[in-house]
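Chemist: For reference, the chains in residue letters:
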Amino acid sequence: MDEMEEFLGVFFQECEERLGELQDTLALMVDGEWDAETLNAAFRAVHSVKGGAGAFGLDDLVEFTHIFENVMDALRSNTLELDDKICNVLLRSSDMMASLIEAAQGNANFSREACDRLMVELASLVGMEAPRNPDADGGASEPEKAASEPEKAAAEPETPAAAPAAAAADEISLEDLPEERSVEILISPGPDFIRSGHDPLRLIRALRKHGSVQVEAIGDYPPLADHDALECALSWRLTLETDVDPVEIETFFVVYQMTAEVEIREPEVEAATEEAQTEAAAQTKAAPTEVASAEAAPSAPQPAATEAERADAPASDPEPASTAKAAPAPAAAQKAKEPREPAGSAHQQKVAKALRVELSRIDRLVNMVGEIVITQAVLAQNLSEMDLAGNIEVSHAVEALSRQTRELQESVMAIRAQPVKSVFSRMPRVVRDLCASLDKEVKMDLSGEHVEVDTTVIEELSEPLTHMLRNSMDHGIETPDKREAAGKPRQGTIHLGAEHRGERVQIVIEDDGAGINRKKVLEKAVKNGVVSPDATLSDEEIDMLIFHPGFSTADAVTNVSGRGVGMDVVKKKVQALGGRVSVQNTPGKGAKFSITLPLTLAVLDGMTIGVGEERFILPLGSVVEAVKIDKSNLDTLPGEVRVLRYRGDWLPLINLQSALNLDTAYAKEELVVVVETETEGRVAILVDELLGQRQVVLKSLEANFKRIEGVSGATILGDGRVALILDIPALQNLSAGHMGGGFQMEMAS
Amino acid sequence: MKRVLAVDDTITFRIMLSDCLRKAGHEVIEAENGKQALDKLLAEQPDIVITDLNMPVMDGLDFIEAARKEHAGRALPMLLLTTEVADHLKKRAREVGATGWLTKPFDPAQILRLVDQLA
Amino acid sequence: MSDEAKAEAYDSKQYVTFQVGDRLYGVEIVLVREIKQWTPTTALPNQPHYTRGVLNLRGTIVPVHDLRARFGGALTEATENHVVVIASIEDQSVGILVDAVSDIITVSPDDVRSIPSSAREMDLGSISGLVSQDDEMIALLELPRLFPVEQAFAA
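Residue numbers (my numbering), protein chains in the order written: chain E, 1 to 749; chain U, 750 to 868; chain W, 869 to 1023.
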């Protein structure tokens, strides 16, 4: 039961990958940059989803992918010519396939009606009949039209024959549906087998629950004189007739392996897998030319078969005629006609190079490395406090350890890095959906899909990106008519790109729409009480208003319609990831939103500070310097806002005790750390002491609790205590409320 | 129904273990450490023993070793159920005559299967 | 084991009971992950007063709530003799500061009485029922209601 579910999980994971491939190849087709290999790749993607879906009995998915696959097959065999209309159908089919996969995972529903209509459309392309007739107008006319095109109809006989064989191959390769078979188990008990509580009779009795068991002793019975009742001189060969999953049989014998040698031979299954592989290889090789060879059908089969036999003979045992049938002709045709690299090989290579590891295992590794980093830091600190003068070896070793730890950490982090592509590739679909519902024409182009980011960041990215795209589609891009009137192409463009910027990654969403209408934004902000009517704001400040929590009113709020989700949500989300959002607005020409994110959420260079009894971490990247303060440089503004004179500027002074409502009190007020923030400029944070810089491992407060304002996370100090990592812009808001625009002026007077 | 001797010094764990076994209809005898378990072994005549490794007074390995010595001749399945993974401990487990090595947190289905299979 | 006894064992649940002042509370044993001696926590800003802060549980950060304060009492003057019960609520772990752990009891569904409607000190639903044992009343806690798990972002 559980195993089935596990396989299913693997299958859905594979679906994701296949969908990604399909979307990539379709994108090439849409752009007209495709060749035969592109069509092949698209076909394979659909085909493998279908195979897996068949194995798991996901009928809706099988039904749909079957027709989809036939269309792809017709395309790559040139019986169907790719044009814009077909591209459009294919794009929608890819989206539908994604919906069906999501539905199969129970994550969403799909529209049966839309699916049926699309199947009719697909079927009409290749002259197939759709399995269901959704309604009269679509269903009735299409087959007639198709029947009148003999050329397309000619392709048909080939496809049904190929499909079952393909499905069968995939089924076996997933090791699904074990059949009644006889498994041979050799068990050679060690000397301690019985002494350690095992009983061969009980073993056999228990094994009988899985099927009928035949027992055969191997080896000679020792002379009676030497016979030890507790020693097992014999080995057994057990023949188990069973239909139980091989995994279960393996599990059964695990407990005996401590004191016995167990060898499980699954002869039939091994052969079957091999058979499936060769067959699958033949199938993929066959794929490109299958239909082409069928055109020349009458003469081809006979010689082809013999050649194929010769070619296959050394590789595998002779196969029953029925399973081998599918392979020969195409294999030969492939040899004869197109010396192209077999389609299967690239795929196999990929399988060999990549290893699927559960994220939880990597996380465990990351955690361990994190602990090592902490321990190493503690060790280094303790050693530095000892008097090791002259002991160069120790200090060298400590240095080496610290370097190696860092390298180890980087390597582990690299395992978690993933290209942003997995998120980016979903976005064109979002745009297409919105184009339809908003009556707009938008072309999306992507860049930097290969930029790698920590997988936790990737997972969290798709939501804010989707919101931002929706925002651009909704408010940025104009309707085609308006665009034309403004002298722009009817079709708008949204560019989504990623690039590395030092230790961070920058993601840009740029549209060529109308830009942000500052007048309207300001009006709305005033109306919603975000700014006072008499405030004077710079253009940039007005642009940033769209991120203000009060700005987008509760035009409540359905994810389904995609409206009512404000940009403040995006900002919050990105800040929760330790990132920042900004916007560059050129009214009339477009807007460019940028998100900067840390490459990883797992480690951070931090400065440990002390306030009373408490310890906090400041992100080192934002620390400008620590300064002793002179009381004469302190002042208090009306409203109890305290400020510090610093290099000719007045900086807001953050008192952590009041900002965070701490129980602990400052011991003295002599030291501040000046911190640069991206949104609030420089601020000064009052601290009692500086406790050093070190790399800290970020721990989530949200995993077991929730996000807390003013705090971006936590870490564990060398003594095992938890320290909070401060989120300074949020703290600034907590401590002072918002400062008016006239603040600087007031100070000057 | 089997008689199972469950040995663990952590009360929560012992209860979880016996809970799962009792629900499946087995009878469970509990012991807090190896010493106590050894005392109960003779009197209670369990069909199978599931024991923790790290325990005060007498640990799981010493317990199995002693049990094998004192009750030689009885093919009593004795499973170790532990968070340990070290190879030298596994090696010693084999030497003292442990029937199998299971790791915590335990999988109830696995425990029940093994009780059926071994006892 | 008789059939009857078996049926009872099947339906009944086990609870870890603990003391806060002279009151007894129970939490279903399957939810209890471990029991720890009190160690000072790291305070969190702007939380309900009964949230004592967070502690480090083998590398994960776990919040600790003061059960006495949660039920309207004063904050517990926590010492080394106090214990923190680590329990699972949905897929999160949470620490509950109590005075002492007292026992493990088996409760069959028939023994559980509902709370009198006049009991106003409790938030609705945070106590799932009452059990009498040796003349003492044990309140069975409904942890998800007592310490609700915050919904994830934009759920």
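It should be emphasised that the hints constitute simulated quantities derived from the structure, not laboratory data. Since this is a predicted model, take the numbers as computed values, not measurements. Incorrect hints may appear among the rest.
Said to hold, decoys possible - Interface residues of chain W toward chain E, partial, derived using beta-carbon atoms under 8 angstroms:
no., residue
1, Thr-910
2, Ala-911
3, Leu-912
4, Asn-914
5, Pro-916
6, His-917
7, Val-922
8, Ile-929
9, Pro-931
10, Gln-960
11, Ser-961
12, Ala-968
13, Ile-972
14, Val-975
15, Ser-976
16, Val-980
Stated by the list, open to error - Straight-line distance between alpha carbons at most 16 angstroms, and here's what the computed EDC-like set of lysine to aspartate or glutamate pairs gives:
no., chain 1, residue 1, chain 2, residue 2
17, E, Lys-421, E, Asp-363
18, U, Lys-853, U, Glu-833
19, E, Lys-209, U, Asp-865
20, E, Lys-519, E, Asp-539
21, E, Lys-85, E, Glu-121
22, E, Lys-209, E, Glu-261
23, E, Lys-706, W, Glu-958
24, W, Lys-881, U, Glu-833
25, E, Lys-482, E, Asp-439
26, U, Lys-853, W, Glu-958
27, E, Lys-524, E, Glu-460
28, E, Lys-520, E, Glu-499
29, W, Lys-904, W, Asp-959
30, E, Lys-421, E, Glu-499
31, U, Lys-772, W, Asp-879
32, E, Lys-209, E, Glu-250
33, E, Lys-443, E, Asp-31
34, E, Lys-706, W, Asp-959
Glycine included, C-beta positions come from ideal geometry on N, C-alpha and C.
Chemist: Now tell me, hint by hint, if it's right for this structure.
Modeler: How the hints compare with the structure:
1. Thr-910: This hint holds: Thr-910(W) lies near chain E, its Cβ roughly 4 angstroms from the closest one there, short of 8 angstroms.
2. Ala-911: holds, 6 angstroms
3. Leu-912: Holds, about 6 angstroms.
4. Asn-914: holds, 6 angstroms
5. Pro-916: Violated - the Cβ of Pro-916(W) stays beyond 8 angstroms from chain E, reaching only about 12 angstroms at its closest.
6. His-917: Because about 10 angstroms separates His-917(W) from the closest Cβ in chain E, which is outside the 8 angstroms limit, the hint is violated.
7. Val-922: Hint holds; Val-922(W) Cβ to chain E Cβ min 5 angstroms, cut 8 angstroms.
8. Ile-929: holds, 5 angstroms
9. Pro-931: With Cβ-Cβ at 4 angstroms, under 8 angstroms, it holds.
10. Gln-960: holds, 5 angstroms
11. Ser-961: holds, 5 angstroms
12. Ala-968: violated, 24 angstroms
13. Ile-972: violated, 25 angstroms
14. Val-975: Violated - the Cβ of Val-975(W) stays beyond 8 angstroms from chain E, reaching only about 28 angstroms at its closest.
15. Ser-976: Status violated, d = 30 angstroms.
16. Val-980: violated, 29 angstroms
17. Lys-421(E) x Asp-363(E): violated, 22 angstroms
18. Lys-853(U) x Glu-833(U): holds, 8 angstroms
19. Lys-209(E) x Asp-865(U): holds, 10 angstroms
20. Lys-519(E) x Asp-539(E): Holds: Lys-519(E) and Asp-539(E) sit about 10 angstroms apart, inside 16 angstroms.
21. Lys-85(E) x Glu-121(E): holds, 11 angstroms
22. Lys-209(E) x Glu-261(E): violated, 22 angstroms
23. Lys-706(E) x Glu-958(W): Since the Cα atoms of Lys-706(E) and Glu-958(W) sit roughly 14 angstroms apart, the hinted pair holds (cutoff 16 angstroms).
24. Lys-881(W) x Glu-833(U): It is violated: about 30 angstroms lies between the C-alpha atoms, which goes past 16 angstroms.
25. Lys-482(E) x Asp-439(E): OK: Lys-482(E) and Asp-439(E) at ~12 angstroms, within 16 angstroms.
26. Lys-853(U) x Glu-958(W): violated, 21 angstroms
27. Lys-524(E) x Glu-460(E): Given pair Lys-524(E), Glu-460(E) is violated - Cα atoms ~30 angstroms apart, limit 16 angstroms.
28. Lys-520(E) x Glu-499(E): Violated, because 32 angstroms separates the two Cα atoms, which is more than 16 angstroms.
29. Lys-904(W) x Asp-959(W): Violated: Lys-904(W) and Asp-959(W) sit about 20 angstroms apart, past 16 angstroms.
30. Lys-421(E) x Glu-499(E): holds, 12 angstroms
31. Lys-772(U) x Asp-879(W): holds, 9 angstroms
32. Lys-209(E) x Glu-250(E): holds, 14 angstroms
33. Lys-443(E) x Asp-31(E): holds, 11 angstroms
34. Lys-706(E) x Asp-959(W): holds, 13 angstroms
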